[in-house]
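From first to last, the protein sequence lines stand for chains A and S.
Counting along the first sequence from 1, when you hit position 240 you're at 240 in our numbering, and nothing is skipped either side.
Counting the second sequence from 1 gives a position; our numbering is that position plus 1000.
No lab work stands behind these hints: they were computed from the structure.
Treat the hints with care, as some may be off.
Sample of chain A residues facing chain S (criterion: CB under 10 Å; computed from the structure) [stated by the list, open to error]: (1) Asp19; (2) Asp49; (3) Asp75; (4) Phe89; (5) Thr91; (6) Val111; (7) Ala130; (8) Val134; (9) Ile135; (10) Asp136; (11) Val141; (12) Tyr142; (13) Gly146; (14) Arg149; (15) Pro163; (16) Ile257.
In this text, all values refer to a predicted model and were calculated from it rather than measured experimentally.
Every residue, glycine too, gets a C-beta built ideally from N, C-alpha and C.
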Amino acid sequence: MTRAPLILSAGIGDARLSDPVWAKEMVALADQARIDLLLLGDGHASPFDPLVVASWLAPHAGSVGLVPTIDTGRDLPFHVARALSALDFLTGGCSGWQPSTLVQPSIGDSVPRGVDFVGATRSLWDSWDADALVIDPTTGVYLDSGKVRRNDYRGDYFRVLGPLNAARPPQGHPVLVQTDADPLWSQVAADVVIIDMDSPKPPPGPKCLLRTYTALAGLDQITQLYRDGIIDGIHLTPPYPRKGLQEFADTMLPALIERGLLPATRPEIQRAGTLRERLGLSVAPHSFHPIQAD
Amino acid sequence: MAHLHLWAFLQGIGHYPGGWRDPGATPRAVFDLDYYRRIGQLIERGRFDAIVFGDQLQGRGANGHTPARLAIPTLDPITLLSAIAAVTEHVGLVATVSTTYNEPDALADRFATLDRLSNGRAGWNIVTTAHPASAWNFGDDAMPEKSTRYARAAAFVDAASMLWDGALPAAKAPNPPVAIANDWFTLHAALATPRTPQVRPVFVQAGQSPDGRDFAARTAEAIFCPARTIEDGKAFRDDIRARIAKFGRDPDAVKVMPGLSFVLAATEAEAIAKDEALVNLADPAMCIEYLGESLGYYLGDHDPDGPIPRDAILAGTDFPPEDIAKPIDAGVKSGASLVEFAKTFVRVPRGHHVFRGTPEQMADMMGEWIAQGACDGFTLQPAYMPGELELFIDQVVPILQARGLLRTEYEGTTLRDRLGMVA
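Work out the full structure: start from the sequences and follow the hints.
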C-alpha cells in the first residue's frame, strides 16, 4: 500500500503579515512550494490578528490551507467558533486552527483554560448538524429546525448556551494543529502535531510533522523517518520566510519528488478536496450528545 | 455640489423576511467567496462609500428554537469583510462589533489588521448589544443595564483609541508595565498597535435612545438611523447635529445615513405589485416565526387560528416582558387571531423608509431628501440579494451621477477620504 504524500507545513509569525503586499507574496510562494498548511502567527505574540490575516488571504490562498493561531487566553469561543466557520466556508473547507496557550504570559491555569476553550468551541460547531440547511425557495423551508439546538456547554472557564449563529463548517471541525511547544497539545485530540526529534512520542491518532528550519540538511533523515512511518510530514519555520519558501520550492521540493515522497504533480484531491481529505484525516465526528435533564 | 453618500447594508439575503425565496435571490451563494467578490465589485461599480454588515451575538429564533423558514446565513462579519477587502480596491468595510462582549486590546488588533490590509478602508459600527440571549453565550446570566452598557462603550472606545493612537500614558509600575486607561480597562503599554493608514477605523453608530444619541454625537463619524419620512429624517438630523455641536464637534463632520429599503420597477404600479408579491413570500408559518423571534417567544406550539397567547408570551419571553407588552396588547385588542396578527406584523415597516417606484422616482426622492437636509446619504437595504441591488446600480446610479449627486470616480484612498472627512 502506498502512503499518503508527505504533508508540507510552514509557519510565519512575522509582523509583516499585516502588510498586504508582503502577505500576498508569502502565500503565493507557499502555494508554489506546495505547502498544505500555512500557520499564521505561529508561536508568537503577534502585533496583528491572525484570523483577519487568514480571512484576507482566503481569496489568494490557492491550494494552501490557512491555519490562524487562536489565543485561548484572550479570545472567546463564541466569536472564534463562528469566525472559523466563516473562514472554512470562504476557503471551501481548507482551513484549520492552532489554539495556543503561549500567546499570553503563562499563568497557572492557562492550560485548563485552553482545554476548556477548545471544548466550548467544538461544542458550538456541534450545535448544527451537517445537513441542517435545506434552502428550498419553493416550499419556503430554509433549514431543519430539529438539526440546530443549544449546545449548553458548561466548563470551568466558559459557559456557552448556543446554538451558534453560523452553520457547521464544511469540514465539520477545521483541522486542529498543535505544536509540542504548547502543553495543550496532548490534551485536545489534535489532528496534526508538530514535533522535534527529541519530543516525547505523541499520542496515537494525529498526523505527525517534524519541525525543521530549512529542511535540506535533514533530507536523508526525513526520508527515513517518513518511510519508517514515524512522521507524516514536515513543518518549516524559516527565519527569513521569503528566502526559506523560495529555496524550499527550488531545491527541496524536487529532491522530495525524486525520492518518491511527493508525486511529480499534485493529484486532484490535493487541489480540489477539503483540507481534511488532502491530509488523509477523517471528517470530524459529530460529538453532540443530547443534554440530560437535571 | 454636495455628494450623496451611499452605503450598502448587507443583511444576509435581503431586508424582507421572505426575500430569500425570490427568483432574483441566490440564498445558497451567500456561503461562497465568489458571491462576495461579485457583490464587492458591483458595489464599487455603484461608487458606494462602504459595505456594512450588521451583527447579532445570539442564534436566531426564540427560546432556543431556530426558525425553519427565516434565512440565517450569518457568516461572521469581520471575517467576511476581511475577505472582501482582498477582492475590492475602493469600498469601505464597516463591521458591527459589540463593546459589551469584547475587550479593547483584541478589538484594536482586529481593526488595525483590517485597516492595514485594506489600505485604510476599515470602519467600526459600535454597538452595545441588546438581545438578552447574547449574554448566555458569554457566560453571563443577564445583559448589563443599558446605562452600564453605554458607560462601558464610552470607556471602551477611549481605551481602543489609545491603543490605535499609541497614546498610552507612560508605564508607572515596572513589572509588567501597566497604563491605566480608565475606570473600566487596564491596558499594557505594549498592546499599542502599529500605526495604520487611518490610525483609527471610521466610527459608526446607530443608537436611538437619548443615551445612544449622546454617545453617537460624542463619538461617531457616521450615524445610521431609521427615518420613515423626510420629516422624520429632518427631525433626527437636526437633533443629532445640535447634540454634536453641544459636544464641541463640527456637525458637518458627521454623516447621517438613514436606512432605505426599496423595490424598483418600470412603473410605480408595477413596483407596488412587486412589493406585495415580495411581502407575500413570507407565508403564514414564516410570519409566525418572524413574530415569535421579535417577541422572544417560540409560537410553534400554539394554534395559528386561535387567539394571541398573551399570557404565555409574557411568561415565557426571552425579553423583559414590559418591552413587548405594548404591541401584544394592541393585537389582542384588535381581536386578531395569532396568524392574522403575525401577517400584519410582518407588513409593518420597522421604522425604515420603504421606497416603491421607478428608478427616476427613486433618484428624485433621494435628491429631495438631501436638498431638504433630511440626511447626508442613504444606507441601502435591498429587499433581496443580489437582484434588487443590481437593479439599483444599473438603473438608479447613472441617474444620480448624471445629476451630479453621486461621484463618478473614487477620490482619495481611505474610507475617511470617501466620507470627505479629515482624520
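To see whether the hints hold, each was checked on the structure:
{"no.": "1", "hint": "Asp19", "in the structure": "holds, 7 Å"}
{"no.": "2", "hint": "Asp49", "in the structure": "holds, 4 Å"}
{"no.": "3", "hint": "Asp75", "in the structure": "holds, 7 Å"}
{"no.": "4", "hint": "Phe89", "in the structure": "holds, 5 Å"}
{"no.": "5", "hint": "Thr91", "in the structure": "holds, 8 Å"}
{"no.": "6", "hint": "Val111", "in the structure": "violated, 19 Å"}
{"no.": "7", "hint": "Ala130", "in the structure": "violated, 13 Å"}
{"no.": "8", "hint": "Val134", "in the structure": "holds, 8 Å"}
{"no.": "9", "hint": "Ile135", "in the structure": "holds, 5 Å"}
{"no.": "10", "hint": "Asp136", "in the structure": "holds, 9 Å"}
{"no.": "11", "hint": "Val141", "in the structure": "holds, 6 Å"}
{"no.": "12", "hint": "Tyr142", "in the structure": "holds, 5 Å"}
{"no.": "13", "hint": "Gly146", "in the structure": "holds, 9 Å"}
{"no.": "14", "hint": "Arg149", "in the structure": "holds, 7 Å"}
{"no.": "15", "hint": "Pro163", "in the structure": "holds, 4 Å"}
{"no.": "16", "hint": "Ile257", "in the structure": "violated, 31 Å"}
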